[in-house]
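Protein chains: 2
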Amino acid sequence: MKPTIPQGTRDFGADTVRKRNYIFSTIQAVFELYGFQPLETPAMENLETLMGKYGEEGDKLIFKILNNGLDNEAKAGKIREGFAKITEGKSSKDITERALRYDLTIPFARYVAMNHQQLPMPFKRYQMQPVWRADRPQKGRYREFYQCDADVVGSKSLLNELELVNIYATVFQKLKVDVEIRINNRKVLAALADICGGAEKMIDITIAIDKLDKIGIEKVKEELLGRGLNEAQVQTIESFLNISGSNEEKLQQLKTIFAGNETGLKGIEELMYLIAHSPLTIPYSPLIDLTLARGLNYYTGTIFEVKAKGVQIGSIGGGGRYDDLTGLFGVPNIPGVGISFGVDRIYDVMSELDVFPTEVVSGTKLLFFNLGEAEVAKAMELAQTLRSQGIACEVFHENSKFDKQFKYAEKKSIPFIAVLGSKELEAGVVNLKNLATGTQQQVVFENLVDFNWQ
Amino acid sequence: MKPTIPQGTRDFGADTVRKRNYIFSTIQAVFELYGFQPLETPAMENLETLMGKYGEEGDKLIFKILNNGLDNEAKAGKIREGFAKITEGKSSKDITERALRYDLTIPFARYVAMNHQQLPMPFKRYQMQPVWRADRPQKGRYREFYQCDADVVGSKSLLNELELVNIYATVFQKLKVDVEIRINNRKVLAALADICGGAEKMIDITIAIDKLDKIGIEKVKEELLGRGLNEAQVQTIESFLNISGSNEEKLQQLKTIFAGNETGLKGIEELMYLIAHSPLTIPYSPLIDLTLARGLNYYTGTIFEVKAKGVQIGSIGGGGRYDDLTGLFGVPNIPGVGISFGVDRIYDVMSELDVFPTEVVSGTKLLFFNLGEAEVAKAMELAQTLRSQGIACEVFHENSKFDKQFKYAEKKSIPFIAVLGSKELEAGVVNLKNLATGTQQQVVFENLVDFNWQ
Numbered sequence: 001m002k003p004t005i006p007q008g009t010r011d012f013g014a015d016t017v018r019k020r021n022y023i024f025s026t027i028q029a030v031f032e033l034y035g036f037q038p039l040e041t042p043a044m045e046n047l048e049t050l051m052g053k054y055g056e057e058g059d060k061l062i063f064k065i066l067n068n069g070l071d072n073e074a075k076a077g078k079i080r081e082g083f084a085k086i087t088e089g090k091s092s093k094d095i096t097e098r099a100l101r102y103d104l105t106i107p108f109a110r111y112v113a114m115n116h117q118q119l120p121m122p123f124k125r126y127q128m129q130p131v132w133r134a135d136r137p138q139k140g141r142y143r144e145f146y147q148c149d150a151d152v153v154g155s156k157s158l159l160n161e162l163e164l165v166n167i168y169a170t171v172f173q174k175l176k177v178d179v180e181i182r183i184n185n186r187k188v189l190a191a192l193a194d195i196c197g198g199a200e201k202m203i204d205i206t207i208a209i210d211k212l213d214k215i216g217i218e219k220v221k222e223e224l225l226g227r228g229l230n231e232a233q234v235q236t237i238e239s240f241l242n243i244s245g246s247n248e249e250k251l252q253q254l255k256t257i258f259a260g261n262e263t264g265l266k267g268i269e270e271l272m273y274l275i276a277h278s279p280l281t282i283p284y285s286p287l288i289d290l291t292l293a294r295g296l297n298y299y300t301g302t303i304f305e306v307k308a309k310g311v312q313i314g315s316i317g318g319g320g321r322y323d324d325l326t327g328l329f330g331v332p333n334i335p336g337v338g339i340s341f342g343v344d345r346i347y348d349v350m351s352e353l354d355v356f357p358t359e360v361v362s363g364t365k366l367l368f369f370n371l372g373e374a375e376v377a378k379a380m381e382l383a384q385t386l387r388s389q390g391i392a393c394e395v396f397h398e399n400s401k402f403d404k405q406f407k408y409a410e411k412k413s414i415p416f417i418a419v420l421g422s423k424e425l426e427a428g429v430v431n432l433k434n435l436a437t438g439t440q441q442q443v444v445f446e447n448l449v450d451f452n453w454q
Numbered sequence: 001m002k003p004t005i006p007q008g009t010r011d012f013g014a015d016t017v018r019k020r021n022y023i024f025s026t027i028q029a030v031f032e033l034y035g036f037q038p039l040e041t042p043a044m045e046n047l048e049t050l051m052g053k054y055g056e057e058g059d060k061l062i063f064k065i066l067n068n069g070l071d072n073e074a075k076a077g078k079i080r081e082g083f084a085k086i087t088e089g090k091s092s093k094d095i096t097e098r099a100l101r102y103d104l105t106i107p108f109a110r111y112v113a114m115n116h117q118q119l120p121m122p123f124k125r126y127q128m129q130p131v132w133r134a135d136r137p138q139k140g141r142y143r144e145f146y147q148c149d150a151d152v153v154g155s156k157s158l159l160n161e162l163e164l165v166n167i168y169a170t171v172f173q174k175l176k177v178d179v180e181i182r183i184n185n186r187k188v189l190a191a192l193a194d195i196c197g198g199a200e201k202m203i204d205i206t207i208a209i210d211k212l213d214k215i216g217i218e219k220v221k222e223e224l225l226g227r228g229l230n231e232a233q234v235q236t237i238e239s240f241l242n243i244s245g246s247n248e249e250k251l252q253q254l255k256t257i258f259a260g261n262e263t264g265l266k267g268i269e270e271l272m273y274l275i276a277h278s279p280l281t282i283p284y285s286p287l288i289d290l291t292l293a294r295g296l297n298y299y300t301g302t303i304f305e306v307k308a309k310g311v312q313i314g315s316i317g318g319g320g321r322y323d324d325l326t327g328l329f330g331v332p333n334i335p336g337v338g339i340s341f342g343v344d345r346i347y348d349v350m351s352e353l354d355v356f357p358t359e360v361v362s363g364t365k366l367l368f369f370n371l372g373e374a375e376v377a378k379a380m381e382l383a384q385t386l387r388s389q390g391i392a393c394e395v396f397h398e399n400s401k402f403d404k405q406f407k408y409a410e411k412k413s414i415p416f417i418a419v420l421g422s423k424e425l426e427a428g429v430v431n432l433k434n435l436a437t438g439t440q441q442q443v444v445f446e447n448l449v450d451f452n453w454q
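Note that the protein sequences, when read in sequence, are chains A and B.
At position 399 of the first sequence the residue is numbered 399 (the UniProt record's numbering), and the sequence of numbers has no breaks.
At position 217 of the second sequence the residue is numbered 217 (the UniProt record's numbering), and the sequence of numbers has no breaks.
Hints should not be assumed to be uniformly reliable.
Note that the list lumps identical chains together, so a pair holds whenever it fits in one copy or between two copies.
In silico DSBU-like links for lysine-lysine, alpha-carbon gap of 30 Å or less [what the hints assert, rightly or not]:
| # | residue 1 | residue 2 |
| --- | --- | --- |
| 1 | K176 | K378 |
| 2 | K266 | K378 |
| 3 | K407 | K156 |
| 4 | K309 | K176 |
| 5 | K365 | K176 |
| 6 | K174 | K412 |
| 7 | K423 | K433 |
| 8 | K423 | K174 |
| 9 | K174 | K407 |
| 10 | K19 | K411 |
| 11 | K255 | K139 |
| 12 | K174 | K19 |
| 13 | K365 | K19 |
Note that these hints are calculated values from the structure, not bench results.
When you get a sec, could you build the whole thing from the sequences and use the hints?
Laid out in structure tokens, this is it:
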């Protein structure tokens, strides 16, 4: 049998894991600097925890787990009768009652609902775990991928938004990815809906605006007309989307449009606060982008999106403020704000920009060639000493031809090899070769640890 | 709705995640020192990759994933007819063709079978990922748990065994867990079967011996008799299990019993090699334990088991040599040897022994109290400076009563708080309080970074 892996999933070899871990650990370190705490939830949730939270389309993409024992009669090699038989008299709950998590937000909400009385409030958590979606696999879209989220819940303070912007800025500076951090406010969009046909148009308007990047203004206008807005309303939306200039100029124009609209003015005030208080020391200040809508309906205040400059790819981060995280689970009045990092895309951007530090992928520093039993005994001893000093090294597993041992070092990109034959053993030295430069030198055993392995 | 999590699964809060990560990163660092490379495989495998690899009992414990789209008619709220309908005309493959991985060995074998031509050989990989089993949950047994494996494949050399013993010793020394590393050899057990009724008794004998710890020698003897061995054979096995003394003494007695038995002598030779070549510098030398059998049938040479001293718990690590990793996937002749760390049990042992370094669970070092807008602006600025120097700090989100802000610091075990009111703002200082000692001091803004935060 020639094995395969499921469509839409990936194996990650050493270099990829190391580069991905570099991204994860960079993000994690910054989360920790801001007082966020780690959380891990199980891969499986009860089906009822997940169902109905992601819209009808989302529900379809949830991977359900077959209840255990069910398939014994229907297992590989047997036919449909077995399965039909076991479903007799059973409700759907007897078939499946667990599912793989679809995102990290609902499991987080479930966790907060279960534990809010013990948690420090505001509760600042980060979570970096895989999620699963039964999407049709295509380039850049996988059925298993990591999400990487930070949320503060139990606080309405805009200080949180400020800190999340700083987190984005700090992470991408550390990763050497030049970005734009765009912000907008759902209250401004709600006000736009107010003056263009009433609050019930809010979802139509945000969904249409959200597509602006992809389909352009003309198609957005068509869509808005199609969704029942009239020409005048569409005109208002177009002039809103055309607002340009600096952050300050945009805010000025907004004040004119939304004069007297309470929600709009509140949104403008929140945007102004973030612009005014973003520390000048951070590398990327937020830019107001009034065309930013974010698809998710639960956002109620600030929304964020991060784009990499100079790389053609969608957003590499996003998030926003929501009023009610846990109401669905019977615990009302827990507002919050969160951001997310798109690790797969960040990986692609960093690969394209070639900004991974070279040391990230380095593994073994030194390979001792295997030249016989007595020599290997000494090599093992030296290797132990080097390892105790934090230098990764290996002893080749068998006394094979030089060529084969060389190839192993090459294939693993090991930068140094040590030849320790009977002559060297007697002299108490190794012949050390730098495979990149080709230079070779004798080093006495005792000096190996202090050699410059960089 | 009051939410719950699936039986047998766990949420891990901040302290637990940090302690677990300390174990993982310690193990990982040692794997890397020995030239092992990381691998990550997807949570899902094709069902046919997994089925038939874990015995009939194992197959039943594999979590199968419902094919997508299947449940639309049978989803929550609807009844069995929906499900029965969709199974009409379908084979079991139409119901489920993917499953959650049950261990890391089969996915590794599948990966090696798919990629062996590109991999450096011997291929040394480590993998630390969760696995899922539909076991009945009970104390210490979960349906989702991490495995943490290192394997070398493509080599028959005993150097690998030596290094794996060193890895065990180094890891547990670093974790401050006192252990016994027990070794045995399946060839010795095969020889025992040879002289007690023939090779076909091998599995009966190892299964019975494997229970010695739990049920005692008398029950083992009963079981052997029940499995068709005669009194004389059981007597031979008992005297084998009674062999005692130092490693050398055990080897001497084995040589007498297995004189002339080729397989037995080969096993003895392998054990001797490991005993003779284990470096004296490693903290825990391997102990020969002839009662060690390990349940898995695919082991063919050295077998390992690690037990914590002074803690009543099963083994915290184990592994062994196998002849053929990938034969099932059409790629023969890839022998290997691997070890595994039982991270959940190691966690329990370290908790009981209280050997987690205190700094492992430390998060935020300093909380700035929130005493008003101007004060907070300064606090945010100072916080940014501290973070840029790697010091984790927070600014409380709102200007609430001291008491509330104190409670937050306490609940998060934040060791220092900084009071920065209007007086302090004017004077350019903060009032810094160490919550553990109660001592308080004024520190000028510029000196905060150089304060001793340990």
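How the hints compare with the structure:
For the identical chains of this complex, K176 and K378 are inter-copy neighbours only, at 28 Å across copies versus 43 Å inside a copy, given an alpha-carbon limit of 30 Å. For the identical chains of this complex, K266 and K378 are inter-copy neighbours only, at 25 Å across copies versus 74 Å inside a copy, given an alpha-carbon limit of 30 Å. Taking CA atoms no more than 30 Å apart as the test, K407 paired with K156 passes between copies only; the shortest distance there is 19 Å, against 60 Å inside one copy. In this homomeric assembly, K309 and K176 come within 30 Å of each other (Cα to Cα) only inside a single copy, at 11 Å, whereas the closest approach across copies is 48 Å.
With identical chains, the CA atoms of K365 and K176 are at most 30 Å apart both within one copy (26 Å) and between copies (27 Å). Taking the shortest alpha-carbon separations for K174 and K412, both the intra-copy value of 28 Å and the inter-copy value of 27 Å come in at or below 30 Å. Within a single copy, K423 and K433 get their C-alpha atoms as close as 16 Å, which meets the 30 Å cut-off; across copies the closest is 65 Å, which misses it. Taking the closest pair of Cα atoms, K423 and K174 never come within 30 Å of each other, the shortest separation being 48 Å inside a single copy and 36 Å across copies.
Taking CA atoms no more than 30 Å apart as the test, K174 paired with K407 passes in neither setting, with 35 Å inside one copy and 33 Å between copies. Only within a single protomer do K19 and K411 lie at most 30 Å apart by alpha-carbon distance; the minimum there is 18 Å, versus 35 Å between protomers. Neither within a single protomer nor between protomers do K255 and K139 lie at most 30 Å apart by alpha-carbon distance, with minima of 42 Å and 62 Å respectively. Taking the closest pair of Cα atoms, K174 and K19 come within 30 Å of each other both inside a single copy (14 Å) and across two copies (26 Å).
Taking the shortest Cα distances, K365 and K19 sit within 30 Å of each other both inside one copy (18 Å) and across copies (29 Å).
Hint violations for this structure: numbers 8, 9 and 11, all remaining hints satisfied.
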